[in-house]
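Engineer: Below, each chain spelled out in residue letters.
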Amino acid sequence: MRNISPTGADTIIVDDVSLRFGGVMALTGVSVKVREGEIFAIIGPNGAGKTSLLNCINGFYRPTSGSVALVGADKPSISVSSAARSGLARTFQNLALFRGLSTVENLLLGRNLKMKTNLLQVAMFVGAARREEIEHRAAVEEIVHFLQLQAVRDEPVGQLPYGIQKRIEFGRALASEPRVILLDEPMAGMNQHEKAEMSGFIRSVNDKMKVTFVLIEHDIGVVMGLSDRIAVLDHGEKIAEGTPSEVSANPSVISAYLGVEH
Amino acid sequence: MSLDLQFFFEVLISGLLTGVLYSLVAIGFVLIYKASGVFNFAQGAMVLFAAMTLVGISDLGVNIAVSALLTIVVMVVLAYCVEFFILRRIVNQSQISLFMVTIGLSYILLGLGQLVWGAEVHSLDVGLPVGQFVVGDMFINQFDLSVAAICGLIVLALAYFFQRTRVGLSLRAVADDHQAAISIGVSIRNVWIIVWSVAGVVCLVTGTVWGAKLGVQPALNLVALKAMPVIVLGGLTSIPGAIVGGLIIGASEKLFEVYFGSIIGGATESWVPYVVAIAFLLVRPAGLFGTQELRRI
Amino acid sequence: MFYRAARRLPTSYSSQFLIIKRPEDRILAALAVGVAIFLLPHIASTYALSTLLVPFLIFSISAIGLNLLMGYAGQASLGSGAFMAVGAYASYKLATNVPHIPIVLDFFIGGVAAAAVGIVFGLPSLRMRAFYLAIATLAVQFFIEWLFSKVSWFWNDHASGVVSTPAFSFLGVPIDTPIKGYYFSLAVVALMTLLAVNLTRSHIGRQWMAVRDNETAAQLMGISITKAKLSAFAISSFYCGVAGSLWAFVFLKSLGITSYSIDTSFKIMFMIIIGGIGTIMGSFIGAAFVLIVPILLNMIPATMSLPLSTGVLACLEQIIFGVFIVYFVIVEPQGIVRSVRNLHQKLVAWPLTVNR
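Residue numbers (my numbering), protein chains in the order written: chain G, 1 to 262; chain R, 1 to 297; chain E, 1 to 356.
Same shape as in the complex, but just chain G (with noise of 0.2 Å):
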């Protein structure tokens, strides 16, 4: 259980988002206040909208109505370029990685937006574009340490591990030094043993760098053990929001996870 509720500034505020897919609801009203540097869960049965969200958040799906605003974005509409530009990275459910590239190719694929350099400069690979791949290349290595993944660095990582693809992934969201990093299942498919791993690092982000976290998750204890707050979504509306205590005690949770007593 985490003692601490850190009391920051509000970074990420969704107002009233609904969300419609042809006939379908994924979201109805949810309006959700994420504050700095915490850790903020949002957990719900399957299908309950908690992907639909984060992309709202992401910019990549456009609410039908409602609003998303990213502090300290340049834009008021959030669009994907522009939620990365201000600092969003994110995680996917079902892995989004490059394939075909090494891990250290894909980790610096998290620090491109930081890449400065022209098409002339880089051709000729001398001078300021020498710098700033080294550059770039030494930030890397710092994530390649903090994550333990020295033994796969070339390594195209389409034939890693699942557990370590999963540890590269959320490298690469670390690698462009966001502010907030949204964190899709990022335990899905790990054992126990790798679960607190990633729980660490989790933690570790967040105490030493301030990033905020949202994260989907489904493993309850996990949930618990890592979130300052969590929003509970159950068939496209948030039906509970709070410390975990708070959630963990809520009569209609129960009952949306374990079904009502007839």
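The set of hints was computed from the structure by calculation and includes no laboratory data.
Please note that a few of the clues may not be correct.
Computed beta-carbon distance windows for the label pairs [what the hints assert, rightly or not]: (1) Tyr3(E) x Ala151(G): 27 to 33 Å; (2) Asp263(E) x Arg153(G): 40 to 46 Å; (3) Ala151(G) x Phe84(R): 40 to 46 Å.
Here the structure is a predicted model, which means the values were calculated and not measured.
Even glycine gets a Cβ: it sits at the ideal position worked out from N, Cα and C.
We have chain G already, so just place chains R and E on it with the hints.
Structural biologist: Just chains R and E, lined up with the frame of chain G:
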């Protein structure tokens, strides 16, 4: 009707009927793509090969109907070979690889056809009418109309085959989801052989019709390249799309050439179909009747 | 035994940027360069130089260009022949109408013209993928073929559609013999290969590969898909354009649209598929293979004294070529370069075995 308008309609109809010829090639292609997921660049070569085999056999003195049957046998054997030597072994590869393989296949078929049957132009007479219909003051080519009728028959036959027969149902299952189809006992290999054989028969009909119109010659393959824009315009998986696409391409190609071609030098049919296809694709990237792939993350 | 692997761990980031990492390989490379520069032109017959080596070098440039677009950026293109044509005709117009500019510079400007056309005709790639895009590039191919056969301005309104290209010199040396043509092509190839290698290992190259491997994820990371795709088209067309100019000015010494037809586009695509898609070295291997095989096939009946007519021979060649393509896609989908690299790995480890 004024002369200009009458001329326009004549050109239009002629273009539409040419388009039906393209559709015939496209239909065979769609069959293969639907069932085996392969973008069969060799479709034109198959049409040519079928036509050359038909003509070659009948030139040996065999009755045309028997020649047709023998050619069908050849196409079925071809389907077996393609399944055995190629399809079976490239199951998990990328789309580009599959495409490349069919280019290789087209080279093999083109070379083989010419090797066995020679490269001269053969004329082909299958008894289709060659006169002109007169509607009002307009001339409509009887041959082209018969071709359109044949195309309609093929579509009806295929529709019946897919909707009403067990084999047709298996084919649709395979087209939808390979894994699921395997898990209910559908033999993918047999499905592929059947599809390529059916496509082979369609190629034979197509080749016969094209050959009767233009003569059976290696250049036929180039004309079949025209089917590519038809296919992407219609959507890779739709037979109605192949027909509508063919009509659009045929009409626009003819109209453009007649009305603008002379101004800018002529011979615009080489690229106008492609530009028309692109124009449509920009609005509907998956083709008119194609299914949009959803991006899931 | 041939290679020393112990105590060879990298100690600086700069060392990671070396193109050839193992000292033993550097010796091999130096030997190869030495042979190419000093030995080959003198022991090779004029025939070999002009019909084998120079075309190999020139088409390697096209193959690299197409590999950058298809192999690294994952964008289908059947229009590489057309882009070669654009470069060639642009260079020709400049060479004949603007004599103050040295012709060698015209090649470069021709490449830039091809790049500009490449950007325009690469626009469909922003809306379409895979086969649809391939068909769109076919439109480019056919349109350009038509353009350069109908609009006589492009060949200065000569009566015949085929014109001879003016002679040119480089650094004061007229490029008028096969040997000089060879050296000139070699120099251009060396330079352009170096640029390509740098590009593929840079953040731009990584962006291309990201778009190729997972376009949606790349977009979600803030990578500009437009810039990535269009830059790939531009660079690829530049390479093809330069190759096209060299083809007209160095090899053919004439300019006609038939050398840049769809068959050429297919030939280049075969080169990268057979050689190794997504690799620079594969471009060279593929170019060598595709150019040499027909010549070998032509020689076999002669050496075996088989009385085959040219028609039959042509058919057999077509069949065998088709079989090769099918064979390679089935057996070695990553191209010959994969076999070469496997062999290299085994050599490095020998006499131990590779543990993979």
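Engineer: Determine for every hint whether it applies to the structure shown.
Structural biologist: Going down the list of hints, with the structure as the test:
no., hint, in the structure
1, Tyr3(E) x Ala151(G): 27 to 33 Å, "22 Å, violated"
2, Asp263(E) x Arg153(G): 40 to 46 Å, "44 Å, holds"
3, Ala151(G) x Phe84(R): 40 to 46 Å, "43 Å, holds"
In this structure, the one hint that does not hold is number 1.
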